[in-house]
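Chains W and D, in that order, give the protein sequences. If you use my numbering, the first sequence corresponds to residues 1 to 847, in order. If you use my numbering, the second sequence corresponds to residues 1 to 252, in order.
In short, the hints are calculated from the structure, not lab data.
No farther apart than 30 Å at their CA atoms in a straight line, the calculated lysine-lysine pairs in the DSSO-like style are these:
1) W:Lys837 x D:Lys89
2) W:Lys559 x W:Lys681
3) W:Lys169 x W:Lys552
4) D:Lys187 x D:Lys248
5) W:Lys837 x D:Lys171
6) D:Lys128 x W:Lys837
7) W:Lys169 x W:Lys208
Not close to chain D: a few residues of chain W, all C-beta gaps over 12 Å, as computed:
8) Glu45
9) Asn116
10) Pro213
11) Leu303
12) Val442
13) Leu457
14) Ala599
15) Gln666
16) Asp694
Since we're looking at a predicted model, the values are computed, not measured. Ideal Cβ positions, reconstructed from N, Cα and C, are used throughout, including at glycine.
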Amino acid sequence: MLTATLRAMIAHKLRLVLTTASIALGVAFLAGTLVLTDTMGLAFEQLFGKVSAGTDAVVRTHAPYTATDGVSTSRAPIPAAVLTDIDQVDGVRHAEGSVTGYALLTDNDGSAVLTNGGAPTMGYNMPADEDLRGDVDLLSGTAPDAPNEVAIDATSAEDHDIAIGSTIKVLFQGPTREFTVVGTVGFGGEKNLGGTTSAYFDTKTAQKVLGTPGYFDTIGVSAVDGVSQAELAKRLSAVVPQGDEAVTGETVAQENSDAVQKDLKIVGILFMIFAGIALFVGSFIIWNTFTMIVTQRSREIALLRAIGGTRRQVLRSLMIEAVMLGVAASAIGVVLGMGVAKALTTLMDLVGFTLPSTSLQLEPRTIWVSLLVGTLVTVVAALVPARRATKVLPVEALRESTPGAEKPSKRRAVIGLAIIGAGAAGILAALYGGADMRIFGVGLLALIVGVMVALPLAVRPLAALIATPLKLRGLPGELAKQNALRNPRRTSSTAAALMIGLTLVVSMGVFASSLKASFGDVISDQTNADLFLSSSSAQGPGFSPSVIAAAKGVDGVDKVSAGGWGQAHFNGGNTSYSAVDPATAEEVMNLEVSQGSVADLGKDGVMVSRSTATAEGWKLGSVVPAEFAVSGKHRLHVVAIYDGKGWISDNYVISLAEQNAFAGPQLVASGLVTLVAGADKAAVQQAISAALADHPDAKVLDQKGFEKEASGFIGQLLTFVTVMLLLAVLIALLGIVNTLALSVFERTRELGLLRAVGMTRAQVRAMVRWESVVISLIGALSGAALGIGIGLALSQALKDEGIKAIAIPAPQIALYVALAAVAGILAAVGPARSAAKVDVLRAVVTD
Amino acid sequence: MSVITNTPQISTASAARAEGLSKFYGTGDAAIPALDNVTVALAEGQFTAIMGPSGSGKSTLLHMLAGLDRPSSGEVYLGDTEITSLGDKALTLLRRDRIGFIFQSFNLLPTMTAAENIVLPIRIAGRKPDDHWVASIVETVGLTGRLSHRPSELSGGQQQRVAAARALASKPQIVFADEPTGALDSKSGAELLGFLRKAVTELGQTVVMVTHDPTAASYADRVIFLADGHVVDEMHAASADEVLDYMKHLGA
Chain W
1 MLTATLRAMI
11 AHKLRLVLTT
21 ASIALGVAFL
31 AGTLVLTDTM
41 GLAFEQLFGK
51 VSAGTDAVVR
61 THAPYTATDG
71 VSTSRAPIPA
81 AVLTDIDQVD
91 GVRHAEGSVT
101 GYALLTDNDG
111 SAVLTNGGAP
121 TMGYNMPADE
131 DLRGDVDLLS
141 GTAPDAPNEV
151 AIDATSAEDH
161 DIAIGSTIKV
171 LFQGPTREFT
181 VVGTVGFGGE
191 KNLGGTTSAY
201 FDTKTAQKVL
211 GTPGYFDTIG
221 VSAVDGVSQA
231 ELAKRLSAVV
241 PQGDEAVTGE
251 TVAQENSDAV
261 QKDLKIVGIL
271 FMIFAGIALF
281 VGSFIIWNTF
291 TMIVTQRSRE
301 IALLRAIGGT
311 RRQVLRSLMI
321 EAVMLGVAAS
331 AIGVVLGMGV
341 AKALTTLMDL
351 VGFTLPSTSL
361 QLEPRTIWVS
371 LLVGTLVTVV
381 AALVPARRAT
391 KVLPVEALRE
401 STPGAEKPSK
411 RRAVIGLAII
421 GAGAAGILAA
431 LYGGADMRIF
441 GVGLLALIVG
451 VMVALPLAVR
461 PLAALIATPL
471 KLRGLPGELA
481 KQNALRNPRR
491 TSSTAAALMI
501 GLTLVVSMGV
511 FASSLKASFG
521 DVISDQTNAD
531 LFLSSSSAQG
541 PGFSPSVIAA
551 AKGVDGVDKV
561 SAGGWGQAHF
571 NGGNTSYSAV
581 DPATAEEVMN
591 LEVSQGSVAD
601 LGKDGVMVSR
611 STATAEGWKL
621 GSVVPAEFAV
631 SGKHRLHVVA
641 IYDGKGWISD
651 NYVISLAEQN
661 AFAGPQLVAS
671 GLVTLVAGAD
681 KAAVQQAISA
691 ALADHPDAKV
701 LDQKGFEKEA
711 SGFIGQLLTF
721 VTVMLLLAVL
731 IALLGIVNTL
741 ALSVFERTRE
751 LGLLRAVGMT
761 RAQVRAMVRW
771 ESVVISLIGA
781 LSGAALGIGI
791 GLALSQALKD
801 EGIKAIAIPA
811 PQIALYVALA
821 AVAGILAAVG
831 PARSAAKVDV
841 LRAVVTD
Chain D
1 MSVITNTPQI
11 STASAARAEG
21 LSKFYGTGDA
31 AIPALDNVTV
41 ALAEGQFTAI
51 MGPSGSGKST
61 LLHMLAGLDR
71 PSSGEVYLGD
81 TEITSLGDKA
91 LTLLRRDRIG
101 FIFQSFNLLP
111 TMTAAENIVL
121 PIRIAGRKPD
131 DHWVASIVET
141 VGLTGRLSHR
151 PSELSGGQQQ
161 RVAAARALAS
171 KPQIVFADEP
181 TGALDSKSGA
191 ELLGFLRKAV
201 TELGQTVVMV
211 THDPTAASYA
221 DRVIFLADGH
231 VVDEMHAASA
241 DEVLDYMKHL
251 GA
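Generate the whole structure from the sequences, applying the supplied hints.
What follows is the structure, encoded as structure tokens:
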């Protein structure tokens with residue numbers, strides 16, 4: 001009996017390791033996310049602190065709302081004349097205007113110096129006063145001091161071999177100009193500012209190329225010794241003109257930092273979702289483990305109960321075990337989390353999002369949140385099996401019986417199918433019955449929950465389906481199927497973990513390919529363009545309007561229609577809007593304008609989508625209130641209503657002229673090119689390309705190329721999401737290993753018998769392997785089916801937003817399912833080996 | 001190899017034999033002999049019972065003969081095949097194709113029906129069972145009508161009869177039974193032993209059975225007695241009382 005106990009302990013040790021790993025991995029992701037966001041937050045805070053160090057107060061125009069687009073401010077410029085008033089204020093040591101704007105550097109060959117992930121390319125004026133420069137340091141050379149001089153960030157200089165003294169072109173919203181590089185700049189020890197490129201000019205030049213002569217974006221003020229920032233700001237407030245404001249340097253640093261933090265928060269939430277999924281999947285393994293623990297111990301528990309232990313006591317002892325497991329595994333997870341944070345940083349570095357470096361920040365909050373969440377998940381997952389164990393009547397458990405093999409109950413079937421039905425009804429009602437989109441979300445959730453509840457019922461038919469080809473593998477294949485069916489509930493909860501992972505991956509895949517297909521459709525159906533002008537870098541902010549003019553001049557080109565995009569408050573809410581060229585928009589796009597005309601946009605017109613017009617009860621001539629950060633409030637009139645969402649999917653469309661008037665000078669986001677009849681498309685494309693030689697901020701693409709470029713980010717996003725979800729799949733595989741290891745342990749005698757009557761080790765291994773494949777394919781197939789359904793529902797739900805095509809990436813899904821089968825084989829390696837090693841005599845000797 | 005005839009026949013050929021077979025547990029000075037230099041030959045077409053008190057090494061001997069365990073020294077022949085030098089795979093195939101087994105308990109796979117359990121070794125080998133042969137065995141053991149039941153739906157006696165049918169279904173050279181009636185009541189035990197006897201008498205099957213029950217041994221043609229790892233004596237066509245007396249003499 002001692003050997004049996006020892007063997008049980010060894011088996012339990014493996015189970016302990018697997019269960020711990022499944023929780024620890026989820027917690028590690030959670031902790032890593034927290035560490036990463038804290039680290040990034042601190043790094044950016046330090047960075048902005050450095051940049052604004054030395055600036056005690058800032059005078060700027062008042063903005064009706066804070067800009068949402070990151071660090072750059074979008075406020076109306078402040079007249080330079082204000083500077084003279086400021087200089088008079090007591091306590092001002094020095095005041096200087098600051099100018100910021102778009103500036104795209106080019107390298108020695110005239111190609112654009114592009115950033116990764118759409119990081120801004122910025123231009124600034126270099127303050128003459130050293131204090132007002134903050135931690136912007138000249139790393140080499142001198143500060144720009146003449147109209148043709150520029151200092152650039154050290155990263156751009158190093159990466160593109162731009163030497164001091166060389167002449168480069170810099171592109172702006174306005175005309176391109178040539179500058180001599182006179183210096184390189186660093187930022188408090190960093191060689192670039194959070195992945196952006198920077199160009200520094202003297203103030204007069206900066207006003208000319210980045211802003212407006214005679215105006216600044218803000219005015220930075222440094223105080224004499226003994227005057228606090230608050231005091232200085234207070235004194236300045238007294239003199240600044242109506243509509244302007246004076247705030248402390250700290251406030252501005254905080255605002256900038258907050259803006260970045262807000263973006264980081266989105267990254268954090270995204271990672272948090274993946275961590276949540278990983279923990280959820282992990283909870284299935286804990287559930288399984290505790291079900292197994294209580295099943296194995298049912299006699300021990302029954303004995304305890306028989307001699308007078310209360311249900312509470314039994315439950316408590318199991319819960320203590322769960323808490324201990326949870327705390328220990330979570331603690332390991334926190335330690336692993338530091339590694340995860342490091343790995344994520346490296347990953348982001350690889351895709352080009354370089355973070356300012358600072359040591360990894362392990363806040364106390366990270367530790368207790370991780371411990372709490374990990375432990376809570378463990379305890380909750382253990383609770384139901386533990387409660388079930390205590391419900392067993394003592395006599396029942398003392399009776400000799402094989403553990404487990406219960407059939408899924410009718411009640412489960414009814415409940416599961418009811419939840420699935422309700423979920424599906426909710427989804428359909430939202431899609432076709434005009435019900436609220438929140439019902440759609442709840443419906444999706446119900447669908448997933450319902451499938452999980454009902455999955456044990458599907459185990460038998462699915463296993464039969466999967467095992468059909470296994471029949472060719474002879475008896476091991478058939479036994480594998482029977483073994484998988486032995487305890488449908490255990491099989492289904494093992495498979496459910498994989499199902500969740502696959503559901504998410506597949507639904508994302510279906511959604512993304514529908515998006516891609518729709519994109520292709522939109523480009524061909526919603527535009528009449530032959531060629532497309534787009535920003536040089538895939539996620540770039542746009543290009544100078546001069547590109548449009550250059551393209552227009554090419555032979556064979558009929559029309560070039562520019563388009564812009566921005567964010568502002570329309571009808572009281574923050575929303576995105578599109579800007580079009582009223583003269584050509586209707587010809588190059590199929591806007592399906594049902595009332596009015598785009599050509600009437602004029603100075604205060606707006607075109608609204610049919611859905612918005614209907615919802616708001618707007619007709620032609622209705623007033624739409626709008627507010628822009630730069631220019632404040634405007635009353636716009638509805639001049640057209642359009643149905644043809646797709647190429648343009650915003651509810652509000654204004655003219656480019658209005659955009660420039662309301663939001664300041666803007667880059668062009670895209671250009672649609674039509675050709676004159678009979679022109680050779682390829683030849684014209686080449687000619688435009690040649691004409692753009694002096695415009696490295698833009699390129700010309702044909703429809704295929706544009707489609708690829710524009711949908712490229714969808715592929716990137718999908719890859720990223722898939723990689724993140726792989727973690728959940730990995731945890732699910734640990735669950736399969738766990739279940740198989742336990743099954744092998746439970747079936748020692750059976751395996752011995754099979755070996756005795758002539759099953760070879762290879763056949764035993766095959767049997768365990770095929771069982772693993774059956775389990776993993778049950779998860780993969782149900783996940784794929786559910787994922788396709790959800791992906792289609794999601795695509796359908798966003799039909800009005802332009803997802804009109806439906807595409808199921810069949811080869812991709814087939815690949816996922818095949819990979820799941822392969823993963824199942826891998827998961828079975830260990831358990832199969834221990835099954836093959838089972839001592840034949842142990843089975844046949846009755847002790 | 002097995003000769004199927006309707007007349008009982010004493011063959012001089014041995015179906016299996018052990019030569020100088022020893023098995024020690026533990027190593028060095030602490031080694032405990034379970035079998036000590038045992039030489040025994042089991043005649044073809046005979047029903048042999050191996051008896052002895054607990055710890056006499058009778059089960060160990062059976063396991064060696066059946067290729068389930070490896071001796072510390074000595075040789076085991078199954079027919080003309082020397083099996084102790086065989087690798088795991090060859091030994092497994094040998095068990096599958098040439099040996100039938102009946103264990104004391106846990107003889108059957110719980111997920112399979114009686115019929116499936118009977119043809120299990122044949123299915124493992126990937127062969128098609130001989131339907132006539134299987135049907136005749138099923139009829140002989142009296143399992144007709146129970147074939148679609150799973151082990152949990154069968155009585156202990158029925159389960160052992162399924163095991164016996166399985167042992168014979170692949171027409172093995174030799175059937176090894178390890179305390180086959182150990183977990184049965186006397187009526188079921190008698191039925192099973194009667195069946196084994198019939199297999200030997202009517203079908204010429206070679207059966208080797210380990211038992212500590214003199215009544216069970218009385219069904220055998222020959223009873224071999226083991227004590228302390230040695231073969232100490234043997235009897236032919238002994239009655240239960242004779243066996244019991246001898247066992248008492250052995251001091252069991």
